[in-house]
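Those sequence lines, one after another, are chains A, B, C and D. Using our numbering, the first residue of the first sequence is number 84, and each one after it goes up by one. Using our numbering, the first residue of the second sequence is number 84, and each one after it goes up by one. Using our numbering, the first residue of the third sequence is number 84, and each one after it goes up by one. Using our numbering, the first residue of the fourth sequence is number 84, and each one after it goes up by one.
Using 25 angstroms as the maximum straight-line C-alpha spacing, the simulated PhoX-like pairs for lysine-lysine come out as follows:
1. B/K195 x B/K259
2. A/K259 x A/K342
3. B/K277 x A/K377
4. D/K277 x B/K276
5. C/K298 x D/K342
6. D/K377 x A/K277
7. A/K342 x B/K259
8. A/K377 x B/K298
9. C/K377 x D/K276
10. B/K277 x D/K276
11. C/K342 x D/K298
12. B/K377 x A/K277
13. D/K201 x C/K377
14. B/K342 x A/K259
15. C/K276 x D/K377
16. B/K298 x A/K342
17. B/K276 x D/K276
18. C/K377 x B/K276
19. D/K342 x C/K259
20. A/K90 x A/K216
21. C/K230 x C/K90
22. D/K230 x D/K157
23. A/K298 x B/K342
24. B/K277 x D/K277
25. D/K377 x C/K201
26. A/K276 x D/K377
27. D/K276 x D/K298
28. D/K259 x C/K342
29. B/K298 x A/K259
30. C/K377 x D/K298
31. A/K230 x A/K90
32. D/K342 x D/K377
33. D/K377 x C/K298
If you're looking for bench data, these hints aren't it; they were derived computationally from the structure. Given the structure is predicted, the values throughout are model-derived calculations rather than measurements.
Number of protein chains: 4
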Amino acid sequence: MKKSAVKVAIVGASGFSGEELVRLLLRHPDAELSAVTSRQLAGQTLAQAFSKFGQFAAARQLRFSEPNAELLAKQAEVVFLALPHGVAAEFAVPLVQLGCQVIDLSADFRLKSPAAYKEFYGHDHPAPDLLAKSVYGLPEVYRSAIKSASLIASPGCYPTSILLPVLPLLRANLIKETGMIADSLSGVSGAGKKVEADYLFVECNESVRPYGIPKHRHLSEIEQELSLASGQPVVIQFSPHLIPVNRGILTTLYFAPHKHFATTGEMNALGEQIISCYGSAYGKEPFIRVLEGKALPDTKNVFGTNMIEIAWRLDQRTGRLIVMSALDNIVKGASGQAVQSFNILCGFDERAGLI
Amino acid sequence: MKKSAVKVAIVGASGFSGEELVRLLLRHPDAELSAVTSRQLAGQTLAQAFSKFGQFAAARQLRFSEPNAELLAKQAEVVFLALPHGVAAEFAVPLVQLGCQVIDLSADFRLKSPAAYKEFYGHDHPAPDLLAKSVYGLPEVYRSAIKSASLIASPGCYPTSILLPVLPLLRANLIKETGMIADSLSGVSGAGKKVEADYLFVECNESVRPYGIPKHRHLSEIEQELSLASGQPVVIQFSPHLIPVNRGILTTLYFAPHKHFATTGEMNALGEQIISCYGSAYGKEPFIRVLEGKALPDTKNVFGTNMIEIAWRLDQRTGRLIVMSALDNIVKGASGQAVQSFNILCGFDERAGLI
Amino acid sequence: MKKSAVKVAIVGASGFSGEELVRLLLRHPDAELSAVTSRQLAGQTLAQAFSKFGQFAAARQLRFSEPNAELLAKQAEVVFLALPHGVAAEFAVPLVQLGCQVIDLSADFRLKSPAAYKEFYGHDHPAPDLLAKSVYGLPEVYRSAIKSASLIASPGCYPTSILLPVLPLLRANLIKETGMIADSLSGVSGAGKKVEADYLFVECNESVRPYGIPKHRHLSEIEQELSLASGQPVVIQFSPHLIPVNRGILTTLYFAPHKHFATTGEMNALGEQIISCYGSAYGKEPFIRVLEGKALPDTKNVFGTNMIEIAWRLDQRTGRLIVMSALDNIVKGASGQAVQSFNILCGFDERAGLI
Amino acid sequence: MKKSAVKVAIVGASGFSGEELVRLLLRHPDAELSAVTSRQLAGQTLAQAFSKFGQFAAARQLRFSEPNAELLAKQAEVVFLALPHGVAAEFAVPLVQLGCQVIDLSADFRLKSPAAYKEFYGHDHPAPDLLAKSVYGLPEVYRSAIKSASLIASPGCYPTSILLPVLPLLRANLIKETGMIADSLSGVSGAGKKVEADYLFVECNESVRPYGIPKHRHLSEIEQELSLASGQPVVIQFSPHLIPVNRGILTTLYFAPHKHFATTGEMNALGEQIISCYGSAYGKEPFIRVLEGKALPDTKNVFGTNMIEIAWRLDQRTGRLIVMSALDNIVKGASGQAVQSFNILCGFDERAGLI
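The shape of chain A in the complex, shown without the other chains (with noise of 0.2 angstroms):
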């Protein structure tokens, strides 16, 4: 057993990223694993019901138990929630307010505004004095605030995907808050493990489709989060498409710059600014990389592991400015973000268990 490692809990083990959760906390040099549960696996072992997990002995012995949050509270100091919308909120409340910290990476307590919440979700929102408390588990954005997080509500696959890229143009006033389209791509396992004709591998393989469009539910935290970096309400044109990979999220942004590039020389000198503003904003991040020269991101660099991928072009005919990223839906867009926010919470080097 890892010494003075800090003890840590899943709920929701079953579904892809809660798996995810469990391959990365395995291997986390400074996390144990202290407790997995799942209403549907309740009394197997890890190893029993993921046999990929066989070769850790923590695996062969702990065993999926019924979620319990006063059980939980006391087997684990940070509990990561990987339930359905709506679920994990009741999760979340007792948790906090039985001390554990609490990483949850459903959508529950990613909005501000109560009344934001429902309006792209339908309801009341449960517990609205947490969303006060709780911060936007966005690394390269919240960093210090979550340290001292007791909620951190981690970033879905698509804002991770559209919010990286833009942040640092957004507030190097690069580009202008109206008009921005967001057109992203996402592999099946995007739409987590649901059992729907939908998601049959004969109805999506050698099948590419959008969906979704114009108004998904995820465009309200992005949107929030530019509207924040902006100072002002944004609205964002967001175009999701169901491609036929396992993981990755390759997203196209179309920007309009503030400045006029006329020339090749004005182009190059807008260039100059970009590449500045990326540098500073992401140039020490170990998680980021903007691509240099050629490259283009793509989805399969980025697999399995919690980069992102970001490369971006002027284009003098149009005046716009298209910016691509790529990144693991399940990693980056998901579990690994949440582990990342964790080594953060718990003072760890923050590549830990990531690299």
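Keeping the supplied structure of chain A fixed, place chains B, C and D upon it in accordance with the hints.
Okay, now just chains B, C and D, sitting in the frame of chain A:
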């Protein structure tokens, strides 16, 4: 043998679109495949080179020959060119002179302007005189010109997926001709049968990536046709992406309607205009399906067919019109479209051999 | 409407093989699709339920109805049953009584022995009298019986991929009837449109796995037909595997030839006998392709067609004969084969609607 | 930099197994990657050539060099060769002479018999003296020899998937050494990064095909090891197939047990012997998982890991024992296995860098 069938030849029948032309023309009730050429397959029968054609008696007899314009002109009335860009022109010139009707699937004769050709393809056009003679083979737009064409320049897969959804809106003056964006996703066969590392299975599977951003060659023909429809020079943003399917293009288009729609009533009124616009443009088209209700395009619904699926959404939040299309890049995006033009040229039912 | 076409109905037209029957019969020159049933799609037109059929006028008019044997008997002369095992019998019994010719794609009437049925399906056969009447719809073997059948039990995909390569060898007494092994790989559509976690995209993509080993249900019909051909009870080893393709079965078969071939000369002599055996059995079959030279079967060569590809190799090192086959499990393994039987039943060209 | 880490070099680090060696060794706690060579990538840093390694400081500094044995011998204590067959020997000979310990992933030194090498590889072995010195790097079998080896011939992916399941059964004399069959399915990376038409995405996706039947090169090392275990010459049937996944081998093996099991009681008794055989052979092996209960191997359960999954079934109907295995062809089938040998060679925890 079919009575009074038109004799046709395929030059370059070993690539993906050549192979698909073989598939379509072997089944065509009014065409007789009288010659197929391929330098690498010369001497083999069609059935030897492609075992899947072995069920057709014609494929067990017809042998690939070396391409030879004079001989082809004797063997066939209509010649399909399924050759790489640049090579097609070498055959088109003598074949047209010798009195053949030529349907060229390459980009060699799609542009009206030799200057635009040079800008996008990097060298002077080899036969600028023929550019004036050629007809852009988009049947839904140039049907009457196709009837009497001697040289048909059949459009590419990306242009078809963009032009068919846009042109009616532009002609009806429903959208602004500025600020248009086309974000396209293409299956790997779109790259042709190139034996390059980028197109290996392991490099494409579990990968999604943009490429050719921001200035892809196909922009030249797209903007030519948009400008003709609009009556003024049009510039469009076009972002192609490679996705791991064999066949299919999914394009998402972003437009600014001329009319502002602040209220639901205004949005619905504009929606009626769009319905009416597409209805009058495409209501009787055999290969265009404008989706109703909640349905959105999906490449699997057009796989192996000559159909294009189109759907649209108005977004009251952003004021934009979003139009999505799906087609099979090898059929409606290449060989099927060429056969559709062939049917028009010969006075056959436009759906012959395509349904 | 087609002149003097035979009226056909499809019961259970919402599954994969039902949908493929629709595709084939809409194109069939001598069939008129007069009824399609589906409890879940009742009321919708074919074109509404499957946008891809929208290009057929018949599909825009014909609506799914609730299945009703009496009504179906008035609407159609030939009824295809594309129903789950067990359910098919409920419709076959009254339809045959009412004078329809029934082509059943399920396993309900494939076994001659009620005892074997009970052993493999776990319950008594619901209509043992009809078992005696039914014809096993493998056209290459039972063509003459199919001509006058009132109930055709169309074989499954695995049995077809195994029986067609084996039967001629067994009848010609070239191989021993003991020790046979069939190792089969099936695309995911072979499992039907079951909404189960095992068939989700993320569970199947980048996965290969055996299942149902060692006693799969299809063994019952395989061994019945092998025993009939051999004149004595035959037991075969059968190992199915699931692979990440939509369609296709690839079977590798291992046999012990009666003749020992120690020398190359003996091997070549036996090879001649095999060539001759397949030649006389299948030389004129429209849907069987015995490969020559170095070619080996590949599921992509039969995708979407009613063909089966067969190749064989003698191994001088082991003394074995290895035979490989490839077919499309939804066409030659299900709906195409059923249409082939339909053509025989109605006296049409056997290839009508299938080429 | 890691304290007292062993300096390692990778020759031929641009192929799939070379790239995976980089991935594993960058993370290895006790190895320092001191040189990587590649003619085509010479001059670039690891991070430039493979953006995914950019998160490692070492990868941002270490540059590919031209391969040079003398230089390598100064830079590294242990050298991994990830080169094509035939080329590896050119480097192994001088490196061993210069005192390096060499772990060769090619087939060059796997065979003990120069005659067998010539039979299967078509030319004389370039360094027959070294054949005698080399150790077949299957850790579960040759662990003690690996400890003091100067040249380790790391086994191929197919042989590993076959030998690990078979050897204990053969040694325990539970199965006959005649009549064995191995039917294997391999992901496309098994072919290496060859830029050939056969491995293009469009040729592999939606395709399944046998190849190299009946006499594949890997038979030579498989039969060598089976013969050593059995004490007499063993011939096995081996049928490889290509399936559309990036990584993974699934092998299904057919054996004749020595004991006849006519009754369920006899079958269960034999089952106990098999359990006991695998238990004593592999109960403490860190990378072998013998499945219990109803579970069968699935390549997705070993993806990216050094594990092999094994399951078995006795078939009372046929009297056969069927054993199935799954592994990742690039990890346990290549680079992971080589690192496992490296750990043994250096006296590290055998799981270092592999879990």
